[in-house]
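Student: Okay, here's what each chain looks like letter by letter:
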Amino acid sequence: MTHGVEGEIGASGRWRRDDRVAWRDIAGEALLIHPARSLMYPLDEVGSAIWGLLDGTRDAGAVAAEIHGRFDVEEAEAARDVARFLDELAEAGLIVRT
Amino acid sequence: MPDPAPFPFLLGGLDVRLRASDADVRRRARAGFGRWRARDGAAAAAGEPVELRVSRPARWAGARRRATGAAWRPDGAGGYAVEARGFRLAADAAARRIEADVAPAYGLGDFYRAALGLALALRDGFLLHAAALEIPGRGACLACGPSGYGKTTLSRQLPPRAVLADDAVGVRGLGGARGSGWDAEILAYPTPFFGDYGGPPRGLRPAGRPVRRLYLLSRPSARTPRHAVEPVRRSEAAAAVLGQILMAGEAPAEVRARLLDRAAALVERVPVFRLAFRPEPSIWDFLNQRM
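Here the protein sequences come in this chain order: A and B.
Read in numbering that gives the first Met the number 0, the first sequence has 74 at position 75, and its numbers run on one by one without any break.
Read in numbering that gives the first Met the number 0, the second sequence has 155 at position 156, and its numbers run on one by one without any break.
For the record, the hints were derived by calculation from the structure and aren't laboratory data.
Quick caveat: nothing in here was measured; it's all calculated off a predicted structure.
Check before you lean on any hint, since a few could be wrong.
To be verified - Chain A residues, not near chain B, derived (Cβ > 10 Å throughout):
hint : residue
1    : S11
2    : R23
3    : L52
4    : D54
5    : G55
6    : T56
7    : A61
8    : R69
9    : D71
10   : D86
11   : E90
What the hints assert, rightly or not - Each pair of labels, with its calculated beta carbon distance range:
hint : chain 1 : residue 1 : chain 2 : residue 2 : range
12   : A       : A26       : B       : M290      : 15 to 23 Å
13   : B       : A256      : A       : E44       : 19 to 27 Å
14   : B       : S281      : A       : G68       : 47 to 55 Å
15   : A       : G51       : B       : R218      : 31 to 39 Å
16   : A       : G68       : B       : A76       : 27 to 35 Å
17   : B       : D91       : A       : V95       : 31 to 39 Å
18   : B       : G108      : A       : V95       : 39 to 47 Å
19   : A       : H33       : B       : R268      : 33 to 41 Å
20   : B       : P73       : A       : E76       : 31 to 39 Å
For every residue, glycine included, the Cβ atom is placed at its ideal position computed from N, Cα and C.
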């Protein structure tokens, strides 16, 4: 699956974690396990924070605003990074649109 | 025909009572597991026994199509039926009783190894693809990594008295207030399943040692200039551990979730480092100094 514009998918709509994904917060870092493929995704601190925010109530902009508030990152950069990360999570089948 | 007396042995920290109608299976168990025979005190500490009944049918119509891995199927009562290329078994939910048919040409060692992986997963632990070494008076270090990452090479550099395993280690969480034990002491148990090291060193006791360090082995390279450790992110460490737990990838979601909890507990409670080493005896001092 490819996307014409980077961040095109992640930038729109609200997202939540797929209920079938097994995951644990390990000292502030999330480890995700894909339900079907047994692939593992260890996330860093920022990725884990984004993952924790994906409860279906926020769109990409709201997530980016939270990340901008929590970490030392420019607002525009946070928006780009969040959109790109949501793209990756969606492509991997780890999040679903609400 | 009367049921033969069980052969008790401590396998990866579990008190296993082997029952086999086949005389050859009993003979091989006595020969291979003699030193792992359970003593009264150690057996009591191991908790509720695992009754392991093994049959070797003269004819085998098992799952030839399955080249590797094992298929788990819930039995509806909390237990599982597991089918692999060379064996099929049924286990209850707590692995109190495991009944297995093992194909005539299938290695019994491979079967026992898989059965232990399953029993530990259903109980309170897991079987980890790792080397383990004992620092006297301190506890155990685990060195975890895929095949070819230097588990045996590392073991060969150590004094034999320090080698607990070069390929498979039983890991259990014991004594926790919440019953699972993973919030209290985490213990490493030697197993009889050695790799290219050849076999257990003389005098190796099957008792558990508290786990004090976890090393994730780096891919070996001839250009490694010296022994070195570096910190590892906890999520990466948990993924690495989970990837080296026997049968974790094939287990059903509920069992895998328990294994994920235990892998997470291990890397949260024990310092974890990535280890690059040169195959030299000085690695022993290097690891000693870091305990």
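Student: Run every hint past the structure and note whether it holds.
Tutor: Checked hints:
1. Distance to chain B confirms S11(A) as a non-interface residue, since its nearest Cβ pair spans about 28 Å, more than 10 Å.
2. Against chain B, the non-interface label of R23(A) is violated: not every CB pair exceeds 10 Å, the least being about 5 Å.
3. With 10 Å as the threshold on Cβ separation, the claim that L52(A) sits away from chain B holds: the shortest Cβ distance comes to roughly 17 Å.
4. At roughly 20 Å, the least C-beta separation between D54(A) and chain B is larger than 10 Å, which holds for a residue marked as non-interface.
5. For G55(A), the condition that its CB be more than 10 Å from all CB atoms of chain B holds, with the nearest at approximately 22 Å.
6. Consistency note on T56(A): stated as away from chain B, and its beta-carbon is indeed over 10 Å from all of that chain's, at 24 Å minimum.
7. Chain B leaves A61(A) outside its interface by the beta-carbon criterion, the shortest separation being 24 Å against a cut-off of 10 Å.
8. Listed as a non-interface residue, R69(A) keeps its Cβ farther than 10 Å from every Cβ of chain B; the least gap is roughly 18 Å.
9. Distance to chain B confirms D71(A) as a non-interface residue, since its nearest Cβ pair spans about 19 Å, more than 10 Å.
10. With a least beta-carbon separation of about 20 Å from chain B, D86(A) lies farther than 10 Å from that chain, consistent with its non-interface assignment.
11. No beta-carbon of chain B is positioned within 10 Å of the beta-carbon of E90(A); the least distance is around 19 Å.
12. A beta carbon spacing of about 22 Å between A26(A) and M290(B) agrees with the range 15 to 23 Å that was offered as a hint.
13. Here the CB-CB span from A256(B) to E44(A) is close to 24 Å, well matched to the stated 19 to 27 Å.
14. Restraint check, S281(B) to G68(A): a C-beta distance of roughly 49 Å satisfies the suggested window 47 to 55 Å.
15. Evaluation of the 31 to 39 Å hint for G51(A) and R218(B) yields a pass: the beta carbon distance comes to about 32 Å.
16. The hinted range of 27 to 35 Å is not satisfied by G68(A) and A76(B), whose Cβ atoms lie roughly 51 Å apart.
17. Look at D91(B) against V95(A): about 36 Å separates their beta carbons, and that is inside 31 to 39 Å.
18. Distance hint for G108(B) and V95(A): a CB-CB separation of about 45 Å, consistent with the stated range 39 to 47 Å.
19. One distance hint, 33 to 41 Å for the beta-carbon pair H33(A) and R268(B), is violated here, with the actual separation near 26 Å.
20. Taking 31 to 39 Å as the suggested C-beta distance range, the pair P73(B) and E76(A) does not conform, at roughly 48 Å.
Checked against the numbered hints given earlier, this structure breaks hints 2, 16, 19, 20; the rest are met.
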